[in-house]
Every structure is written in C-alpha cells, then in structure tokens.
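K.L.:
Given next are the chains, with one letter for each unit.
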Amino acid sequence: MSFVSPFGASTSKPGHGSIIIDILPPDQPVLRTLSYQYPLKLVAPDPLPPPSQGSTEPNNNTTPRLVHTIFLLTYGGGIVAGDAINLDITLATNTRLILLTQGSTKIFKTPSPDLISKQHMTVHLQRDAALVYLPDPVQPFAQTAFSQSQIYHLENEQGNLCVCDWVTSGRSARGENWDLYAYKSRNEVWTTDDATGKKRLLLRDNLILDKDGRTDMRLSARMDGYAVFGTLILRGPVFSSLSSFFIEEFEALPRIGGRNWGDVAQPQLSLREQRRAQRLAREKDDRLIWSAANVRGFVLVKFASREVEGSRNWLRDMIREEASVLEAFGERALLCLK
Amino acid sequence: MTSPSADQLSLKDEIVDLEKRLQDAKARFKPSDAGPTKSTVTADAALHALLLLSDSALPLGSFAFSSGLESYLAHHKPSPPSASQLPNFHTFLRLSLSTLASTALPYVLTTYRHPEEIERLDNDFDASTPCTVARRASIAQGRALLAVWDRSFKTQYNDAAADANRHDTNGSMGSNVAVKALAGFSSALRTSEYINVHLAPLWGLVTKVLSIPLHESAYIFLFSHARAVVSAAVRASVMGPYQAQAVLASSELQNRIRGLVDQAWHKTVEDAGQSVPVMDLWVGRHEKLYSRIFNS
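Here the protein sequences come in this chain order: P and V. Quick note: the first sequence uses the working numbering, first residue 1, plus one each step. Quick note: the second sequence uses the working numbering, first residue 1, plus one each step.
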C-alpha cells in the first residue's frame, strides 16, 4: 500500500532560493515568497519606510512605502567546494530591495581545480523596481575554483540598479595573494522589449581569472599589486543622482602627471571641494585608483586598491557623501560597507 | 699509362650513374610539378587578401591609440626617472595581448563562423566593453575597416563572389552568406541606432568574405594589435625602431600569439571576458593624463 503525503510536493532543491516582492493593492509592498534550502540561508528583517518619506517634499505615488532588506547567508559563512547556489529574485513594479551579505563570501579550498563551486543569481525587475546590492567582497582562498553570475532582467530597459561586485586576493594575513585556481564572475543586464518580446544584452561585465592568457606571469603579478578589484553598476532614475556624482568626481580628479607649480593662487574651497581634497588624500594613501564611464545608459565604476579596507571606505564615503541612496533606502543599504 | 684510362672509366661510370639518378629523380618529381593547380589559385587569392589586410596602415586609425600603453607607463614611473621603460613595456605587451585574446578574439572567431549573426555580436561586444576609451578606439577602427571595405574591396570581392556563384555552386556558399551579411550590416548602419561597428566582429566578417583561413585571420588580428602597441611604444620613446622590429620578429611573440589563438579557438562569446582587470582601469584613466600623445 502506497502512502500519499497529504502535503504538497516540496519544490525546494539544495542551494535554491527564491525571493518575490510584490505589491498588495493599492500600494503596499510585501514579501510574497521567501524560500531557501541548505546551504543557502535568507534572512529578512522587517521592512522599513524610506527616510525620505518623512521629509517635507510632496509624497508622490512613485515612492514606495516600504523598503525590504534581505541578508544572503551561507551555512558556515562561506562556500565549500562543489556547492551550488541558485537564487531567483523578482521585484514587482515600484518595489525596492536591499540585498546584503554578512561578512565576505569565503570560498574554501577545493580538492581539485575541476571541482568548481557556483553561485548564480537571477533578478527580474519590473518597471520602476529598484535594487541595491552592495555586498561584502568575495574572498577566494588559495586553491579554490569559483564561478558566479549575477543576471539582471529589465523590461523595456526600465528598472534601477545599484549593484557592486568585488573580489579580494584571499587571506592576506596568511600571505595569500591571488593564489586561486580559477575565479569567474559575470554580471549581465538584459532587457526584453514589451512589443516584440525580443531579448537584448545591455551590459556584460565578465571577469575571468585563470591560468589562460599566455602571460607567463603569476596571477598576483597580473594584478599589479592590487588586492581588491570591483565594479559598481548604476542604472535608472532612482540612482541618476549618484551616477552623475561619480562621473563628476571622476572628471574632477587631478590630472595624472600634472604638477603644482605653486603659481596658481589657491581659491577659497567650497565644502564639496574640501571633501574632495580629503578624499583624494585618502585615495593616495590607500593607493586606490578608479574610473567611471557612461556607457549604454549605465554608469560603470571600476576600482582597485592595495587593501580591502581602502576600497570599502572609499565606496562608502562616495555613496554617503552623495546621500541620495541613504535618503531613498536608509542606512541599511550601506551595512556591508561599514 | 693504364691508370688514367682506369680513372676515366670509373668517372664515366659515375656520370652514367648520376644521370640515371637524375632522371629517376626527375621522373619522381613530375607528378607534383604539373603547373599551378586550382588549389594554389585559391591559396594565392587568400595570400593576396592576407597581404592586403596585413598592411601596416591597418587597422586604419590604430596609430591614434596606444591601447592603454601611454596610461600604463604613466601609472608605472620608473625610478630613477632615467631608468629604461623597456621591462615595463614587455609586461604591458603580454597583458595587452592576453586581454585582447580573452575579450575580443572570441568575437573574431564567432563572427567568422556565423557571419549572419554580425548585428547581435556587434551589440554584445559593445555591451561587454566597459570603458569609453577602449570603446572609442574599437569603433573608430571598425568603422575605418568598414569604409575600406565599402570603398576599396567591395567591388572586387562582390564581383568575385558573383562569378564564383555562376561557375561553381559549391565551395563559395559560405563566403556568399558573409558577403550578404556584410552588405546588410553596412546598410543597416544608416538606419539602426543599435549598430556600433566594433573592430573584432567586423574583422571576423571581412576576413571570412576575403576567404582568409580562420587561423590566419585570428593570427593577424593579434599580430596587428601587437604591431600597433609596439609602434605606439616607438612613438612614446620607449624603444627604437630596430628594437621594435626585433620584438615583432621574436619567436616569443610568435609562440604567444599561436598559444592565444589555440586557447581562444573553442571559446564562445559568452565566455569572453576580462582576464586582466587592472587593464580596464589603465585604459579608462587615459583620459586623466596630464599630457597625451595618443587619443583617448
């Protein structure tokens, strides 16, 4: 006699997770689905109203009433060889989500370079949805093989993204310096045209660190002494102010190789110029270099520094100084950059 | 006087023997010496096209860009300042070739194999080029190559393709698809807002149309880049022209290019990506140099 379970079949698969944020009419954002399976763990604290709501500006309908926050965690605080994590996220029209991690994503040693751990995240953003994903960096230890992808799908090129992907050289305290077997990280943004249903690639940022390339150099030499590399991807009206801030600050960087002949009278510095001068001094101390570019409706910021903390502090200070993300999403957005 | 005649006799024998061997050898050589065959005509055509594309003026406009070399040198000032920049240059050339092979070469190979997909590949390459300086350089050279095709090569190769179509129905089908794809791409450029004309995909397409073997096409693509970087180094006073030729002639460069072509041979464009992340920063920060001799 066969036993028929009275419960529905479990749809969860190891490492799979799903997040759906929907709108409860008329305008209440709700976390409709939050499911996950070992080794993935998702934690969702109560959503908070955005700080900007309390301000005096007229509360138009485009500002959502709540901002959701979700922590992406793994049991054991990292990814063990052979783990595969798959996360699907859907953000309904006009919802907002902050994704966070708790500490760097550690990639543990693999017994064989062919055994690759994987982390795959797909995010569907409906019209006017916004995602802030400013995680801790990925930290691949020595002798690891890891591949991750973050794929974002937009509708009609709409949607707002502020997402960062960064990686460090390993446990520098233990002398690890890009001693990994392979590291791959892919960020893609696709758009689907409503009318034609056609998919089009808007952006692909693919980093591949492996033994290929015929450089006859160790990975650490290829990295030119930097211990952290990162890319910040910005898109959409919600982040347009932050985007132009990065572009303006990049324009305002002093010329490389320029000299101060001392024959220009120092004008009275504005507050922003003073902050910039302080930041530039820190960039110099941290040996941090960065660039910003306006491409295909995105602002792409690339940065590298000698130490992880240099990049972390720099990114936090830039976003904090510009302030629009904090107003729209609250302090939680920057939790991983503290 | 018996000994001279004996010598003469042995010499005579030797002559007879040698003549016989000569005839044998000639007879054996005959079959492969039956004049230029059809296959060598096509090989000559490919060689001719190869020579056209390996002109040092191509990629057109490459002289205006340093592919990040100028910025790299500005970020790596030698100390003392009088020290040679040569070691830095060699490191840069390796990294630059590696980057090109991992980001652009898969597009050359894929467009050659699937010419009809040129528009998608051009879009995807554009989406994968994160820095405006590299983007401008790639588009400037791609458009220049398209202009060379339109104004100089098109008449010749369109006629040749039509000829081949009349006389011989098989064999040239592949390059016919490519001719059509190129014509379509060239005319779509005027109407579509999404077409950029990047060098890498267009290079694959044009070499396909010119019937250059794929391996050679990929090889020249990398070699032209090496030549552009080396030429930039000469103009940036890193090395002299003789040294530059020595770098280009070196077996080290040959092995490197061959190895890179092999590594990329089966790579899909989805797996194309940056293997030297700091390269994006060097190239992107070229705009911030105080003094520049190259375009950014």
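If you are wondering where the hints come from, they were derived from the structure by calculation, not from laboratory data. Hints are supplied without guarantee of correctness; some may be wrong.
What the hints assert, rightly or not - Okay, the calculated beta carbon distance ranges per label pair:
| hint | chain 1 | residue 1 | chain 2 | residue 2 | range |
| --- | --- | --- | --- | --- | --- |
| 1 | V | E117 | P | T33 | 50 to 56 Å |
| 2 | P | M217 | V | H266 | 21 to 27 Å |
| 3 | P | E321 | V | T268 | 23 to 29 Å |
| 4 | V | P80 | P | K198 | 54 to 60 Å |
Note that the coordinates shown come from a computational prediction; the quantities given were computed from them, not determined experimentally. Glycine included, C-beta positions come from ideal geometry on N, C-alpha and C.
K.L.:
Hints first: check each against the structure and report whether it holds.
P.N.:
Here's how the hints hold up against the structure:
1. V/E117 with P/T33: 50 to 56 Å: Since V/E117 and P/T33 have Cβ atoms about 37 Å apart, the given range 50 to 56 Å is violated.
2. P/M217 with V/H266: 21 to 27 Å: Check passed, 24 Å falls within 21 to 27 Å.
3. P/E321 with V/T268: 23 to 29 Å: 41 Å, violated
4. V/P80 with P/K198: 54 to 60 Å: Given a distance of about 58 Å, which is inside 54 to 60 Å, the answer is holds.
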